[in-house]
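Novice: Those letters in the sequence shown? Residues 2 to 498, per the working numbering, in order.
Derived by calculation from the structure, the hints in this document are not laboratory data.
Quick caveat, the model's predicted, so the values are computed rather than measured.
Just so it is clear, CB atoms sit at the ideal spot from N, CA and C, and this is done for glycine as well.
Some hints could be false.
Claimed, not checked - Quick list of the computed label-pair ranges, beta carbon to beta carbon:
1. Glu55 <-> Glu3: 39 to 49 angstroms
2. Phe357 <-> Val216: 31 to 41 angstroms
3. Ala270 <-> Asp205: 42 to 52 angstroms
4. Arg122 <-> Thr237: 33 to 43 angstroms
5. Ile233 <-> Val400: 48 to 58 angstroms
6. Leu182 <-> Glu284: 43 to 53 angstroms
7. Phe357 <-> Asp161: 36 to 46 angstroms
8. Glu206 <-> Asp426: 19 to 29 angstroms
9. Phe357 <-> Asp426: 24 to 34 angstroms
10. Glu63 <-> Thr142: 48 to 58 angstroms
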Amino acid sequence: MEQFQEVVVNLAAGKIPKTTDSVTVYESSLEKVDSTHIVMVKSGTEKYLVAAGEGALFNELEGENIGQGKICGLTHHNSKVLNKYFDYTNPQAFGTEIATMGLGDRLGVASPGHIETVKNRKVKPILAQQSIRELTLLNRTMTDVLDAATFAVFQEGYKDGYGADADHIKLEKDIEYALDLGFSFLTLDCSEQIRNDIEGATTDEIHKEFADLPVDRKEYFENHYLNKPFEIEGLTVKFDEASLHKNVLVYGEAIDFMEHVYNEYLAKADKAIDFEISIDETETVTAPEAHFFVAEELRRRGVTVQSLAPRFCGEFQKGIDYIGDIIQFEKELHEHAEIAKYFGYKLSIHSGSDKFSVFPIIGKYTEGLLHIKTAGTNWLEAIRVIAQVNPDLYRRMHVYAQEHFEETLKYYHVTPDLDSVVPLDETSDADLPTYMDHDASRQLFHVTYGILLTAKSSESGADLFRTEFFTTLMNNENAYRSALVKHIGRHLDLLGL
2 MEQFQEVVVN
12 LAAGKIPKTT
22 DSVTVYESSL
32 EKVDSTHIVM
42 VKSGTEKYLV
52 AAGEGALFNE
62 LEGENIGQGK
72 ICGLTHHNSK
82 VLNKYFDYTN
92 PQAFGTEIAT
102 MGLGDRLGVA
112 SPGHIETVKN
122 RKVKPILAQQ
132 SIRELTLLNR
142 TMTDVLDAAT
152 FAVFQEGYKD
162 GYGADADHIK
172 LEKDIEYALD
182 LGFSFLTLDC
192 SEQIRNDIEG
202 ATTDEIHKEF
212 ADLPVDRKEY
222 FENHYLNKPF
232 EIEGLTVKFD
242 EASLHKNVLV
252 YGEAIDFMEH
262 VYNEYLAKAD
272 KAIDFEISID
282 ETETVTAPEA
292 HFFVAEELRR
302 RGVTVQSLAP
312 RFCGEFQKGI
322 DYIGDIIQFE
332 KELHEHAEIA
342 KYFGYKLSIH
352 SGSDKFSVFP
362 IIGKYTEGLL
372 HIKTAGTNWL
382 EAIRVIAQVN
392 PDLYRRMHVY
402 AQEHFEETLK
412 YYHVTPDLDS
422 VVPLDETSDA
432 DLPTYMDHDA
442 SRQLFHVTYG
452 ILLTAKSSES
462 GADLFRTEFF
472 TTLMNNENAY
482 RSALVKHIGR
492 HLDLLGL
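Kindly generate the complete structure, drawing on both the sequences and the hints.
Specialist: Take a look at the structure:
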C-alpha cells in the first residue's frame, strides 16, 4: 500500500492528487462530501477508491486503512456506497424525448470510452446492458454489470445521466430481480410467446385455428380491426380476415404477456422505468401492419412503452453491416418509424452495431429519436487492440475461436464464410488488426467471446486467455478508449446524433 501514500497525503490536505510512476489518478473522479475526499486510482492493472478525512462516507467505505486514508477495492459494497452519496452514479430512465444507445459493456471496462464518445452528443448512454444469455456465457451477474457502470461513471465524473438495461429478459423472476437491483430499463423479449409456426400454415389452417378461439376473444379483435382502415401519416393500415386472423395467432399470446408484465411490474415500480418491447428475436419479419397491431393493442390495454423493436426485413447479423435489399428496408423502416411516432414511442434497432450502410436511413426517418443496441462491437474493438499490442495472444485466441466456432451456433445466428479468412501463418503481426475489418473474422470473434474468456487449461485449470487479455487491455487503457471513441463515434455520426 506504500504506493498510495502520496495520494492519501494530498487528499487529506485537500489537494488534488497527481499521477505518479506507480499510481494513475483519475482526476475527474475527485469528490468531497463533508470532511471526506475521495478519488479513483489505478495501480498496475487494478483500480481502487482512495478516501481521506472523516465522516459518514469515509466510515461506510470498506478498505484498508493507511495513515489518514483508506484504500478501497471496487467491490459491490463500495459501489452501493457511491450510489448512496453520488446520485449521478445511479441509472435513470430517459423516456421518449431523447435518443438512447445501449452500449453493452461485456467486459466491464469499456464504459469510460463510451462516456467520452457520447459527451456533447444528442444521445444518452445505456451503459449497463447485458442479456441473460451474455451473462451466462461470461459467468457474470446483473450486479457485476451495474457495479462496473457505477465505477466508470464515478471515474469519469460523468453527471449527465446513464441507464441500465436488463436486456432481452424473458422470465418474471429475472424481471423482479433486475428491478430490485435498480435497473432503469427493461427489454422484454417476447420471442417465446410469438408463434413462428403460423408463417408456414395455410390460410385454411389459420382460419380454423382462429375459429377455435373463445367467442369473446374473437369478437374483441374483429369488432375493432376487421375491414376498418387506420390512417397514420399517409400510411393506411387495414386488416382483412386473413391478415387479422394471422396477426392474432402470431402475436396474441405475446401481447397478453406484455400486458401482464407491465401491470405486474412496471406500473407498480416506485420509479420511472423505460419499458421496451422486443418482437425481433424471431424468424418472423415484422410487417408494418403487424407492428401497428401490437402497438394498437398495447394502447388499448393501457400499456405504456418507451420503445419497441420490430424484426426488420433483411438480416441484422452480429458485428457486420446490413444484409438485404436497402430499398425495401428504407420503405419499411419509414413505415415502422411513422407507426412509432404515431404511438409516441421510440423505434428500437437491435443488433444495431456496424450497420453503417443503413444508419443514414435510420437517422433520417426516426429524426434522431430512437433507441439502438450495440454490444459485441465493443468486444471486437478490444480484440483489435489485442492484435495491435499483443500479437501472440491474438493468434492463440484466433486459433481457439476457429476450433470452437460451431459450439456458438446454438446461441447466435451468423453465416460467416470462414474459408475466406486469410490463414494466420500468411499474416504478419503488423497486419493482424485487419482481421477486425473482415466480416467473417469479425463474426468468428463476435460469437466466441464467452468461450474465449472462460476457457481453462485442461492440465492446470488456469485461464487460457482471460488473465492475459485483461492485463493487456488495462495496460493499454487509453488505446482501447480511443478505439471506442472512433468506432462508436462513427455510428453516432452516421445516425445524425
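Novice: Compare the structure with each hint and give your call.
Specialist: These are the hints, each one checked on the structure:
Range check, Glu55 to Glu3: Cβ separation about 23 angstroms, and the 39 to 49 angstroms hint is violated. Separation of Phe357 from Val216 is about 51 angstroms and departs from the stated range, judged on CB atoms against 31 to 41 angstroms. At about 45 angstroms, the beta-carbon gap between Ala270 and Asp205 stays in the expected band of 42 to 52 angstroms. Taking 33 to 43 angstroms as the suggested C-beta distance range, the pair Arg122 and Thr237 conforms, at roughly 36 angstroms.
Evaluation of the 48 to 58 angstroms hint for Ile233 and Val400 yields a pass: the beta carbon distance comes to about 53 angstroms. A beta carbon spacing of about 32 angstroms between Leu182 and Glu284 contradicts the range 43 to 53 angstroms that was offered as a hint. Under the hint 36 to 46 angstroms, the C-beta atoms of Phe357 and Asp161, about 26 angstroms apart, miss the expected range. Remark: the range hint 19 to 29 angstroms for Glu206 to Asp426 is contradicted by a beta-carbon distance near 55 angstroms.
At about 31 angstroms, the CB distance of Phe357 to Asp426 agrees with the hint of 24 to 34 angstroms. The supplied range of 48 to 58 angstroms is broken by Glu63 and Thr142, whose beta-carbon atoms lie about 19 angstroms from each other.
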